[in-house]
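Whole structure, please, built from the sequences with the hints as guidance.
Listed below are the residues making up each chain.
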Amino acid sequence: MNTKTPFDAEGYVDAALAALGLEVNPEWKPGIIAHFRRTAEIAQAFLDFPLADDDEPAPVFTP
Amino acid sequence: MSAAEDLLLGDGPAERIAAAVRAGKIAARAVAEAALAHIAAKDCVVNAFTDVTRERALAEADAVDAARAAGRDPGPLAGVPYAVKNLVDIAGLPTRAGSRINRERPSAVRDGAVVLRMKAAGAVLLGALNMGEYAYDFTGENAHDGPSRNPRDPGRMSGGSSGGSGAAVAAGFVPLAVGSDTNGSIRVPSSLCGIFGLKPTFGRVSRAGSFPFVASLDHLGPLARSVRDLAIAYDAMQGHDSADPVSANRHAEPAAPAIEQGATGLRIAVAAGYFERGGAPEAHQAVEVAAASLGVSRRIAIPEAHRARAAAYVITASEGGALHRERLAARAADFDPATRDRFIAGALIPAAWYVQAQRFRRWYRARVLELFREVHVLLAPATPVTAPALGQAVMTLGGTEIPVRANLGLFTQPISFIGLPAAVAPLPRPGGLPIGIQIIAAPWCEADALRVAYELERRGVARAPAAP
Numbered sequence: 001m002n003t004k005t006p007f008d009a010e011g012y013v014d015a016a017l018a019a020l021g022l023e024v025n026p027e028w029k030p031g032i033i034a035h036f037r038r039t040a041e042i043a044q045a046f047l048d049f050p051l052a053d054d055d056e057p058a059p060v061f062t063p
Numbered sequence: 001m002s003a004a005e006d007l008l009l010g011d012g013p014a015e016r017i018a019a020a021v022r023a024g025k026i027a028a029r030a031v032a033e034a035a036l037a038h039i040a041a042k043d044c045v046v047n048a049f050t051d052v053t054r055e056r057a058l059a060e061a062d063a064v065d066a067a068r069a070a071g072r073d074p075g076p077l078a079g080v081p082y083a084v085k086n087l088v089d090i091a092g093l094p095t096r097a098g099s100r101i102n103r104e105r106p107s108a109v110r111d112g113a114v115v116l117r118m119k120a121a122g123a124v125l126l127g128a129l130n131m132g133e134y135a136y137d138f139t140g141e142n143a144h145d146g147p148s149r150n151p152r153d154p155g156r157m158s159g160g161s162s163g164g165s166g167a168a169v170a171a172g173f174v175p176l177a178v179g180s181d182t183n184g185s186i187r188v189p190s191s192l193c194g195i196f197g198l199k200p201t202f203g204r205v206s207r208a209g210s211f212p213f214v215a216s217l218d219h220l221g222p223l224a225r226s227v228r229d230l231a232i233a234y235d236a237m238q239g240h241d242s243a244d245p246v247s248a249n250r251h252a253e254p255a256a257p258a259i260e261q262g263a264t265g266l267r268i269a270v271a272a273g274y275f276e277r278g279g280a281p282e283a284h285q286a287v288e289v290a291a292a293s294l295g296v297s298r299r300i301a302i303p304e305a306h307r308a309r310a311a312a313y314v315i316t317a318s319e320g321g322a323l324h325r326e327r328l329a330a331r332a333a334d335f336d337p338a339t340r341d342r343f344i345a346g347a348l349i350p351a352a353w354y355v356q357a358q359r360f361r362r363w364y365r366a367r368v369l370e371l372f373r374e375v376h377v378l379l380a381p382a383t384p385v386t387a388p389a390l391g392q393a394v395m396t397l398g399g400t401e402i403p404v405r406a407n408l409g410l411f412t413q414p415i416s417f418i419g420l421p422a423a424v425a426p427l428p429r430p431g432g433l434p435i436g437i438q439i440i441a442a443p444w445c446e447a448d449a450l451r452v453a454y455e456l457e458r459r460g461v462a463r464a465p466a467a468p
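As given, the protein sequences belong to chains W and H, one line each in that order. Take 1 as the starting number for the first sequence in our numbering and just add one per residue. Take 1 as the starting number for the second sequence in our numbering and just add one per residue.
All the pointers check out, no bait thrown in.
Calculated lysine to any residue pairs in the SDA-like style (CA-CA distance at most 25 Å, straight line): (1) Lys29/W with Ala330/H; (2) Lys29/W with Gln392/H; (3) Lys25/H with Arg228/H.
Treat the hints as calculated values from the structure; they're not laboratory data.
Structure follows, in structure tokens:
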């Protein structure tokens, strides 16, 4: 997903809410969509950043 | 003013109270009673406490006095009143974590790890402190409990999410408080309330028995009115705990014995680039004042800090949203409206964004650790502004109007993102509100940050008097 090519944030939010089984008050929907759109813009700051395949996450979970 | 009030409201209250109690010059019970009376008289305005544990406090104080009378060591924090952010378990109370939903849960059956450690050091628990709902907050406001108010100006924010922790210490209710910091929640209220705070290295202080927010980024730590008090509290709190899955398997490394070395021998630089712009003039001036006092002229840019902040934002939203998914499905209307829409949006974040943020975290960590080969400590602003007015939604920085709520953590997020220890030292501003600076050290080098904070306090640059 790339915010440089406009995507349907409203459609995505509706589909993802359904996938997660979240029913929300219609009055909250514009706020949720606005936050999701803003998150997509923010994420671009690191989604655009080149990483090597061996730049792995560093989880601390120890079995 | 009674001797106990004098100790509570004077400088370095934890150290002085512990010394007086240990020497038998004052009873821990007298100190606890004075603190409880101060809270009863003033917290109706400040709103720092959500629960005052009076009976427990007096019982713990009596136990300290009895230990001393019996010739036993009452501990390094003997009789020192403290309180904890209400996401830390206190036996007998529901752990509300700032929410309406969690306060309906059964009471905690045992204390959180950090409370057990403070108790073992002889400290006396006075209660639970107000916070932003589920810690997703930089303001200290809360729809269910009302806002924590800034004791230096009750019309202004305490900062959050450990708002009650900052307010209770700044008001002189308690010499010490425990807060949590995921993106800045100890450092922001420390800056806005004009007190010292420490976010230790990720994994240093056990989070067991505290309500989580973002498993990848959550830390607990102390807030205080002097660096020595901060160091003593931190030393009491630190140490491995197998009950916290991210607790580092390291021996405790006490910081208090080191702080009197001050900044001598430490290589210090001002964090350049991202950290030199974006705040109000007073935020950047505070760093310059501290740097000038320390004779620091070196500047080092932390690479890609804006991307670090973005990645911290996405990890926070995603983990936080996922944590609360079932509560959002069942009881979204019972969330604080200030957190609800953000949690829901966070729960919808694609896994690929989240994983990329975690991968970037690894890259960024490696680059930043290289900087610590050259310097021991970096100085940066703690908050972009002094305390905003309660309810203030936007602020103007550099001619641009930006949301207050999202941006108070502008300078703290890129630091906690990789778990670096950071102390906040407050700089008083004559005729104005205080503002803090961050003193950032390499992982596991909290003592270096505290030594620099102590140097600034010793020079009179940083200071945290109780609010009048």
